[in-house]
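Undergrad: Listed here are the chains, written in short residue letters.
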Amino acid sequence: MTGKLKDRLRPFIGVVGLIALWHLIVVLKIVDPVLLPSPAKTFAAVYKGLFEQGRLAFDFRKTVERACMAIGLATAVGIPVGVLLGVSEKVYRSVEFVIDFFRSTPASAVFPLFLLLFGVGEITKVYISAFGASLAIIFNVAYGVMNARKTRVLAAKIMGAPPWHRMLVVLLESLPQTFIGLRMGATLALVLMITSEMLLGAIDGLGLRIFEEQQLFNMPGMYAAIFCSGLLGYTLNLLFFLTERRFVHWAGR
Amino acid sequence: MNPVIQAPADANASEALVDRRPSKFRRPHVTVRGLTKRFDERTIYEKFDLDLPRGKFVSIFGPNGCGKSTLMNMIAGLIPIDAGEILFDGQTIDEIRFGYVFQNYRDALFPWITAWDNIAYPLKFMKVSKADRNARVDALVKKFDIRLNLRQYPYQMSGGQQQLVSILRALVVEPEILFLDEPFSALDYEMTLFMRDQMQRVFQETGTTTIIVSHDLDEAVYLADRILLLSRAPARVVDFPVVDVPRPRNTLTLADPEFNRIKGHCLEIFQQQVRQ
Numbered sequence: 001m002t003g004k005l006k007d008r009l010r011p012f013i014g015v016v017g018l019i020a021l022w023h024l025i026v027v028l029k030i031v032d033p034v035l036l037p038s039p040a041k042t043f044a045a046v047y048k049g050l051f052e053q054g055r056l057a058f059d060f061r062k063t064v065e066r067a068c069m070a071i072g073l074a075t076a077v078g079i080p081v082g083v084l085l086g087v088s089e090k091v092y093r094s095v096e097f098v099i100d101f102f103r104s105t106p107a108s109a110v111f112p113l114f115l116l117l118f119g120v121g122e123i124t125k126v127y128i129s130a131f132g133a134s135l136a137i138i139f140n141v142a143y144g145v146m147n148a149r150k151t152r153v154l155a156a157k158i159m160g161a162p163p164w165h166r167m168l169v170v171l172l173e174s175l176p177q178t179f180i181g182l183r184m185g186a187t188l189a190l191v192l193m194i195t196s197e198m199l200l201g202a203i204d205g206l207g208l209r210i211f212e213e214q215q216l217f218n219m220p221g222m223y224a225a226i227f228c229s230g231l232l233g234y235t236l237n238l239l240f241f242l243t244e245r246r247f248v249h250w251a252g253r
Numbered sequence: 001m002n003p004v005i006q007a008p009a010d011a012n013a014s015e016a017l018v019d020r021r022p023s024k025f026r027r028p029h030v031t032v033r034g035l036t037k038r039f040d041e042r043t044i045y046e047k048f049d050l051d052l053p054r055g056k057f058v059s060i061f062g063p064n065g066c067g068k069s070t071l072m073n074m075i076a077g078l079i080p081i082d083a084g085e086i087l088f089d090g091q092t093i094d095e096i097r098f099g100y101v102f103q104n105y106r107d108a109l110f111p112w113i114t115a116w117d118n119i120a121y122p123l124k125f126m127k128v129s130k131a132d133r134n135a136r137v138d139a140l141v142k143k144f145d146i147r148l149n150l151r152q153y154p155y156q157m158s159g160g161q162q163q164l165v166s167i168l169r170a171l172v173v174e175p176e177i178l179f180l181d182e183p184f185s186a187l188d189y190e191m192t193l194f195m196r197d198q199m200q201r202v203f204q205e206t207g208t209t210t211i212i213v214s215h216d217l218d219e220a221v222y223l224a225d226r227i228l229l230l231s232r233a234p235a236r237v238v239d240f241p242v243v244d245v246p247r248p249r250n251t252l253t254l255a256d257p258e259f260n261r262i263k264g265h266c267l268e269i270f271q272q273q274v275r276q
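These protein sequence lines map, in sequence, to chains A and B. Here the first sequence is numbered in the working numbering, starting from 1 and rising by one per residue. Here the second sequence is numbered in the working numbering, starting from 1 and rising by one per residue.
Derived by calculation from the structure, the hints in this document are not laboratory data. Please note that the accuracy of each hint is not assured.
With a Cα cut of at most 20 Å, we get these calculated SDA-like pairs of lysine to any residue [what the hints assert, rightly or not]:
hint : chain 1 : residue 1 : chain 2 : residue 2
1    : A       : K157      : B       : T70
2    : A       : K157      : B       : V173
3    : B       : K127      : A       : I158
4    : A       : K157      : B       : K124
5    : B       : K130      : A       : G160
6    : A       : K157      : B       : E95
7    : A       : K150      : B       : F110
8    : A       : K157      : B       : K263
9    : B       : K124      : A       : A161
10   : B       : K124      : A       : V153
11   : A       : K150      : B       : S69
12   : A       : K157      : B       : H215
13   : B       : K127      : A       : P162
14   : B       : K124      : A       : W164
15   : B       : K124      : A       : L154
16   : A       : K157      : B       : W112
17   : A       : K150      : B       : K143
18   : B       : K124      : A       : L172
19   : A       : K157      : B       : K143
20   : A       : K157      : B       : Q200
21   : B       : K143      : B       : L187
22   : B       : K263      : B       : Q200
23   : A       : K150      : B       : R106
24   : A       : K6        : B       : K127
Quick caveat, the model's predicted, so the values are computed rather than measured.
If we strip away everything but chain A, and leave its shape as in the complex, we get:
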């Protein structure tokens, strides 16, 4: 086998290893088979849930929809607010404590408050997720803008760039940090979405699916829903990573 091929296959070693270990545990009956179904059974449940019957596909789609709404809302609010705060360090310093405080408060602690404010409807879950995500985005965007290299802005000014163009330089400068915020925000939004679907009287969504399957003691179904949540989180992260590499090619260089 050539070295290159070996390198390309390396990331799959962990995956294959984990499944092998899982299979071994099931075969040797180390764990109660009711609690841990075999990999084959689990993946069959994933396939069945997504492509044949069952609600998994529907719940998956609902969670994706709401998570995307939350991330979109958090981005639409977080980026402008972050830029406004970052442009003036004085303004940022005056609200830094408030932002830091809410950023550090576990977002799940405000679940009851949001329930009171917005009721148990679907949109409440979007608001909660967006709330948590937007704080992460605001924080990172503001820091990105504040830490924009003064030399570059000065260079633009020397070369006759008008104020709006200097602002563009600042925004481009802050893009790498903005993307860090977006990735953190997206992850957080998904966590909050799944959690609120479990706890806040949802009628659909992956969180509800996991919870229900557990209540029904349908272990393959529960593992299948957990797997789908993981898949969703990973895909979101990958999407942001690829977008960043495409549009912020200079990040970290």
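Based on the hints, put chain B in the right spot on chain A.
TA: Coordinates of chain B only, in the frame set by chain A:
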């Protein structure tokens, strides 16, 4: 001829250097009058006068903290002055075209556009059409025989290549005066030597009035027509000797007796100032 002449703010001494070419080719003669600058309680410059000759390469040299970079940045309009006047043939910095090369090329170039677009960047604000911008960059690159892949992004280039791009970006506007803030201090020795020669070539080709702040005496003398030797703060001009060594200068210049005499003279003054 006595190459070492006392000329701080001395109209007679700089008279000899007046450029008599038609105004189109004339390079600014910088006049600094009554310049005062304080940082908090510390006075860096107090009623400071200076004349910089047209079309000459001037190195600013002096002890640490005497305000070499501050002086150049005040002339370039980057740092506000507390009192006094700085004029370029009677015009202010806002009325003339100038180029500025930062010490830290990493922070001065824009990583989101290619080296080529970086060079063309200042032309955008001079209402030059895209076709003309490309033509001017192309002409500049050909003139200096630049063998770089300018389709690369700055971060794909070496430090020296990036600084070369910075210099081209400063030159593309055909500046009347060029400011260089320790442009080679972040480069390795080999690259520094190469870049000095590139800089000399640029100067010989364009004849642009050039001001460089340098920490390296060899470099300051090698490149300069005149060396502005500053005292400790509050700074005054201790001496402003002419470097009467023919161009193009090369490695043999480093062994030239006149070169070494001036270098020795500058070093002596420098040490006097450091000891004070």
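Undergrad: Run the distance test for K124(B) versus L154(A): straight-line Cα separation, threshold 20 Å.
TA: 16 Å, holds
Undergrad: What's the verdict on K157(A) and K143(B), does the C-alpha distance respect the 20 Å limit or exceed it?
TA: At roughly 27 Å apart (the allowed maximum being 20 Å), K143(B) and K157(A) break the hint.
Undergrad: For a C-alpha distance cap of 20 Å, please report whether K124(B) and W164(A) respect it.
TA: 14 Å, holds
Undergrad: Need the status of pair K130(B), G160(A): alpha-carbon distance at most 20 Å?
TA: 17 Å, holds
Undergrad: Hinted pair, alpha-carbon criterion (20 Å max): K157(A), W112(B). Please report holds or violated.
TA: 17 Å, holds
Undergrad: Need the status of pair K157(A), K263(B): alpha-carbon distance at most 20 Å?
TA: 37 Å, violated
Undergrad: Quickly compare the C-alpha distance for K124(B) and V153(A) to 20 Å and report which way the hint goes.
TA: Measuring from Cα to Cα gives roughly 16 Å; hence the hint holds.
Undergrad: Can the restraint linking K150(A) and K143(B) be considered satisfied, given a maximum Cα separation of 20 Å?
TA: Violated, at about 32 Å.
Undergrad: What's the verdict on K157(A) and H215(B), does the C-alpha distance respect the 20 Å limit or exceed it?
TA: At roughly 26 Å apart (the allowed maximum being 20 Å), H215(B) and K157(A) break the hint.
Undergrad: When you check the alpha-carbon spacing of K150(A) and S69(B), does it fall within 20 Å?
TA: Holds, because 17 Å separates the two Cα atoms, which is no more than 20 Å.
Undergrad: Is the Cα-Cα distance between K157(A) and T70(B) 20 Å or less?
TA: Roughly 18 Å between the alpha carbons, so the hint for K157(A) and T70(B) holds.
Undergrad: Verify the proposed pairing of K150(A) with F110(B), using a straight-line Cα cut of 20 Å.
TA: Judged against 20 Å, a Cα distance of about 12 Å means the pair holds.
The structure fails hints 8, 12, 17, 19, 20, 21 and 24 (numbered hints given earlier, in ascending order).
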